[in-house]
Amino acid sequence: MSVTPYIVLSSILFTIGCVGVLTRRNAIVVFMCVELMLNASNLALVAFARQHGNLDGQIAAFFVMVVAAAEVVVGLAIIMTIFRTRRSASVDDASLLKY
Amino acid sequence: MTAFWVLAPIMVIAALGILFVRKAVHAALLLAVVMISLAVLYAALDAPFLFAVQIIVYTGAILMLFLFVLMLVGVDASDSVVETIRGQRVMAVVAGLLLGLVLVTGVGQISLGAGVGLADANSGGNIQALATILFSRYVFAFETTSALLITAAVGAMVLAHRERLVPKPTQASLAAQRLRDYQDKGTHPGPLPPPGVFARHNAVDTPALLPDGTASEASVSRVLAARGTVRSAPALADDIEELQRQIGDAPHAGRTGSASAEEENL
Amino acid sequence: MHALHEVVHAPVVDPSSASGVFTLLWLVIALPLAGAAVLLLGGRFTDRWGHLLGTALPIGSFVLSLWMFIDVLGRDSADRQVSQHLYTWIQVGHLDVGMDLLYDPLSSLFLLLITGVGSLIHVYSIGYMEHDPRRRRFFGYLNLFVAAMLLLVLSENYLGLFLGWEGVGLASYLLIGFWQYKPSAAAAAKKAFVINRVGDIGMSLAIMLFFVTFGSTSFTVISASADRASTGTLTALGLLLLLGACGKSAQVPLQAWLLDAMEGPTPVSALIHAATMVTAGVYLVVRSSFVFDLAPNAQTAVVVVAVVTLLWGAIIGCAKDDIKKVLAGSTMSQIGYMMLGAGLGPAGYAFAIFHLLVHGFFKANMFLGAGSVMHGMDDDVDMRHYGALRKAMPVTFLTFSMGYLAIIGFPGFSGFWSKDKIIETALADNWLVGLCAIVGAGVTGFYMTRLMLLTFFTDKRWEKGVHPHESPKIMTIPLIVLAALSALGGVMLIGNWIVDYLAPVVGTPPHENAPLPAIVVTLIAVLVVAAGVTLAWFLVGKRDVPRTAPQQVSPVVLAARNDLYGDAINDTLVVNPGRRVVGGLLTFDRYGVDGTLTGGPVAIGAVAGQLRRVQNGFVRSYALSLLGGVLLVVLALLAVNLA
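Chains as they are written, first to last, in this note's numbering: chain A, 1 to 99; chain B, 100 to 365; chain C, 366 to 1008.
Everything hinted at is true.
Computed Cβ-Cβ distance ranges for the label pairs, DEER-style:
1. C/995 / B/331: 51 to 59 Å
2. B/282 / A/86: 32 to 40 Å
3. A/95 / B/276: 32 to 40 Å
4. A/98 / B/315: 45 to 53 Å
Since the hints were made in silico from the structure, they are not lab data.
Cβ atoms here follow ideal geometry from the backbone N, Cα and C, with glycine treated the same way.
Isolated chain A (complex conformation):
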């Protein structure tokens, strides 16, 4: 069984996540797109683990999940804080730090 289709699927999902990050304005949706990208890379890791016959790829995917969990916790807390002060969850509204 070849894992190439898995890798292609992973690439497509990653690209979709990328475009989502670039086009959506709701900070939470942007975050979801980031999660999508992380998941896509996880898929590639697991697929390669199978391809090479060792479990290091699965361990890596596991660590990615842990980091993603930590990132989501902090990221959502930041979104909450910004929303609390600015009454907006739009990433475009927080644009004061510029030229």
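With chain A fixed as given, assemble chains B and C onto it according to the hints.
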């Protein structure tokens, strides 16, 4: 591979849906579809542990956290899909397509051949094998993640914590404030009027009627008023008049809704 | 024309070491200097008695000077040069300058003039400045002025002389601008300072050239070895010294500051014009006789400058209505006579100094008299508002008359003797120069008579509310003393005393074969002066004087009123071209030098100003550039791997 070919189109369509749906809740649900499908793919790829973790941690915990925050934040202008930065969407799509093209062709160029498979590695059980690696070769990274998680938890608490700048108001001070407002601005000191309770209507979107027959704005939630979903008082009598018209006896046919509604209340 | 100089060599300065009273020579300078230090550093603690101290110290110097003078009179004429070494001032390489003082007949006369007339002016100032809140400071400046001038005439080398020279310049700046709240006074002080600096350039260049040529700046060394230098060097030295003298003595072309200097209090004008500052140039030329005697071309330049100045000043004096400016013009003219005498070589040095001394008397007398008149007329200086003051101010009138008779050269008075001698010498040297000097004397007679008539005779033209009165005794007593000196100053010429007395310093005048007998020259000069006086009587005394100056006047009068366009000439020749050059340099600096240096940064700044627009604050834009970067990296990797 059957599972893959079934799930892959579903995942791609769901992922594309995330790009196009307006409401964040729908995006979250579509993401859940992608993640559960992923979990199935993990199972197909001989990774039962990750299958469980994907379901429990990602779909169960993280995605629920998303929904939780979505409920807190609510709906606002950021859900609009109208682009505000000039050229951003076009450039994003072009760059994204280019990236996808490069990745897919790049992967397509490589012939991986038949994989080794995990039959050997998983011979003693997938979870046992993972644990052996995790607690030997990756033990330092594993311990570091604990620090990371604690830091993240503390960070989230710090960010979410709100400092109380003024002492918490007591019941006495609130009462005093109400009376002061009444003195200064004429605000009604008592509780707000409850919604109207009529023979056929009893809900929070039904305004109470004042003695002169007009609706009391204070009796319904401002949010409902802003959404425009408050029932209009005269319309409450519409179905009665409809019944009377059906009966054929229309003693009040000439009267307007407001007055008949008043009569109905009495 | 200088044939008669060739046989003469300037005497060598060869002083003996100081002894007896001359060990106190330093005290002559130190006393007024100490006064200046106490008054200026002591602040308001000295307000109550400062003016008394400031007057007593110059008087002390005068007493010392008189004592030394008497002492030196008793000595043999060859033994009248005394020097005192105070300390080594500068010792660098070959430059060895000592703080040496030189007392000889020339400086002895200057000492008496500076301390004597200076003390009288101090006494007068006690009355004149009585109501000025800054009187103590005024006396401090006066003392500084006197001390600097004394250092100038007592120093044994050019560097010390230059120190005094600059001190005089500083003190004159402070005093001319004493009423600094008046913009005109501040401007006049600045003008005097700047023009003096022009002269100082010549002076400092001369000192450097002395050092290069002779390896020393000491009079003793230079006078002993002057004939070893080439004529060209000596001529250059003479011209540079002349430039310095022109600046300090207000000679053409550096004359413009003198008339504006009248903005200072009147005693300052008296001090500048009579006893100190402007005589410094004459002193310098006479002191440097060992240079000028060997540089005939430089002497000719001195004569030309002198003649132009004496006519220039006289013409200006004719047209001014401001009493002090008339006197200033006359000072310029009289200094011209002195420079003329000094330019004529050994034949004229003594007479130049003689005229300088008597001029010091009568000009101080007249300036203080003018101050007294202004005192009585509420500080009005316009002579057209005076008239018939001889009754109201009898003492001032009488003393002023003495000065007047002296300056026009009325026979018997001091000015007669001194001016007559200079005219005679000039005629013997060159008939054109002599003629100009005689004409100048006539013009002097005209404008001084005009001044006398406008002030003390003719009708009353006083402003309303002005009640002329005689000045207090403290002001009139110095006037009386100076008037006596003006009248009797001629005694110095009895038996050719002053010529013989100065001979050890400036040399013995040669026997001239005059083209005309002396008595004839005297007669002609007196007649010309009489003509000038008569002309003034008919033009001013016999007519009604309008209270405002007539505007319909001839171009000559207009030119004279405008100082013969001295300021305009300066502006055209120096100030405006200078401004244009500076403006051009400024533009070059700003756009050329700065442009080159800052062009790079400015260009970078401009590019950065556009580039910063990329930082638009939108996270999604940044993410887009991130994606672009990722694309590039992936493409590069692919290209490398596939190649």
